[in-house]
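Colleague: Residue numbers for the sequence shown, in mature numbering (1 follows the signal peptide of the UniProt record, and there is no 0): -23 to -1, 1 to 301.
Note that these hints are calculated values from the structure, not bench results.
Hints are not guaranteed to be accurate.
20 Å max Cα-Cα, derived EDC-like pairs, lysine to aspartate or glutamate [what the hints assert, rightly or not]: (1) K242 with D14; (2) K26 with D65; (3) K242 with E20; (4) K242 with E195; (5) K242 with D154; (6) K26 with D76; (7) K13 with D124; (8) K214 with D29; (9) K13 with D54; (10) K242 with E39; (11) K214 with E168; (12) K26 with E39.
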Amino acid sequence: MKPRPGCIATAALLCAAAGAANAAPLTFNTALPISKDEWILREQFVYMKSTDDPSPMNRRMEVSGLMSVLGYGVTRDFAVFAVLPYADKRLSMNVGGADATRSQSGFGDAMFMGRYTAFEANATGHTFRIAPFLGVKAPTGDDHASDRLGRLPPMLQPGSGSWDWQGGAVASFQSLDWGWDVQLAHQRNGEANSFRAGAVSRLDLSVQRRLWPGTLGEGVPSFLYGGLEANLIHVAKDRVNGADDPNSGGTTLFLTPTVQYVTRKWVVEAGIQIPVSQHLNGSALRNDYILTTGFRLNLGIRIIWLLYEIERWATSKTHNGLTG
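Could you build the full structure based on these sequences and the hints that come with them?
Modeller: Okay, here's the thing in structure tokens:
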């Protein structure tokens, strides 16, 4: 299964949900909180390659994307997120005995999501949380792009043209030495241009372990974590002109080794998704790997504090003006 760039953008948004002081999954959500009035910025570069083509067309698909994600803690338990992806997509194939390449780049569909901590249990040295989430993807990207050969197929369009919905729940455990996360999620896609992408259902699991320092002491400013993630993803068949596409959809199991360098204010991270099992329909293009690298940044902006400082500065200026 070749994950759609929209699904990759969703993963980027979901993974921004952790504050920058924690290790977290690279490929899906976490229930770890964002503090009230705190902003989290995530920039993530994703490179996806798919060249395993069971058809005689020898299709090769490459996607390079940059996902910009912003998260905000509305309350102690409720956080909201927004993501804007930019992607360069390239598809090469054999047509009539000659190679042909079609490509397109641009901003994709924006996504907005809310997550609420419904349950938490805290004890000395560890925390456990469960958080449901709900999101919507708006058709903000161009879905009518074309080249010299005509209109591009849906997989190459920057946007989908449809309103899509996603919901699910995630449970997270975090201690001083290690943590785990598990998620159930489902995405339902709308129809646009006589095309409806298949619905996506997924089960995800992540385990992170602190590799350095081996023993915690006073004054340690940063940590190195290693992790392993598993993503079981089922995609229903696409529908074209009201009929199922027999060469779309299927089930894929990814394993993803990850590494994260964590400080109080920022995290740098990298991982590679490897498809260890792909049971796809018809001649659907198989995925080779997905490489992800990027950073999370805790902006540390407290809105109330900022407004207070501005008001205090303005008051001091007014006072100085009156007494000067």
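Colleague: Each hint should be assessed against the structure and marked as holding or not.
Modeller: Okay, the hints, checked on the actual structure:
1. K242 with D14: With a Cα-Cα distance of about 15 Å, the restraint between K242 and D14 holds, given a limit of 20 Å.
2. K26 with D65: holds (12 Å)
3. K242 with E20: holds (14 Å)
4. K242 with E195: With Cα atoms ~18 Å apart, K242 and E195 stay inside 20 Å; holds.
5. K242 with D154: Within the cut-off at roughly 19 Å; holds.
6. K26 with D76: holds (18 Å)
7. K13 with D124: violated (47 Å)
8. K214 with D29: holds (19 Å)
9. K13 with D54: Holds. K13 to D54 sits at ~8 Å (cutoff 20 Å).
10. K242 with E39: Status violated; Cα separation ~33 Å.
11. K214 with E168: Judged against 20 Å, a Cα distance of about 13 Å means the pair holds.
12. K26 with E39: Holds, at about 5 Å.
Of the numbered hints given earlier, the model fails hints 7 and 10; all others are met.
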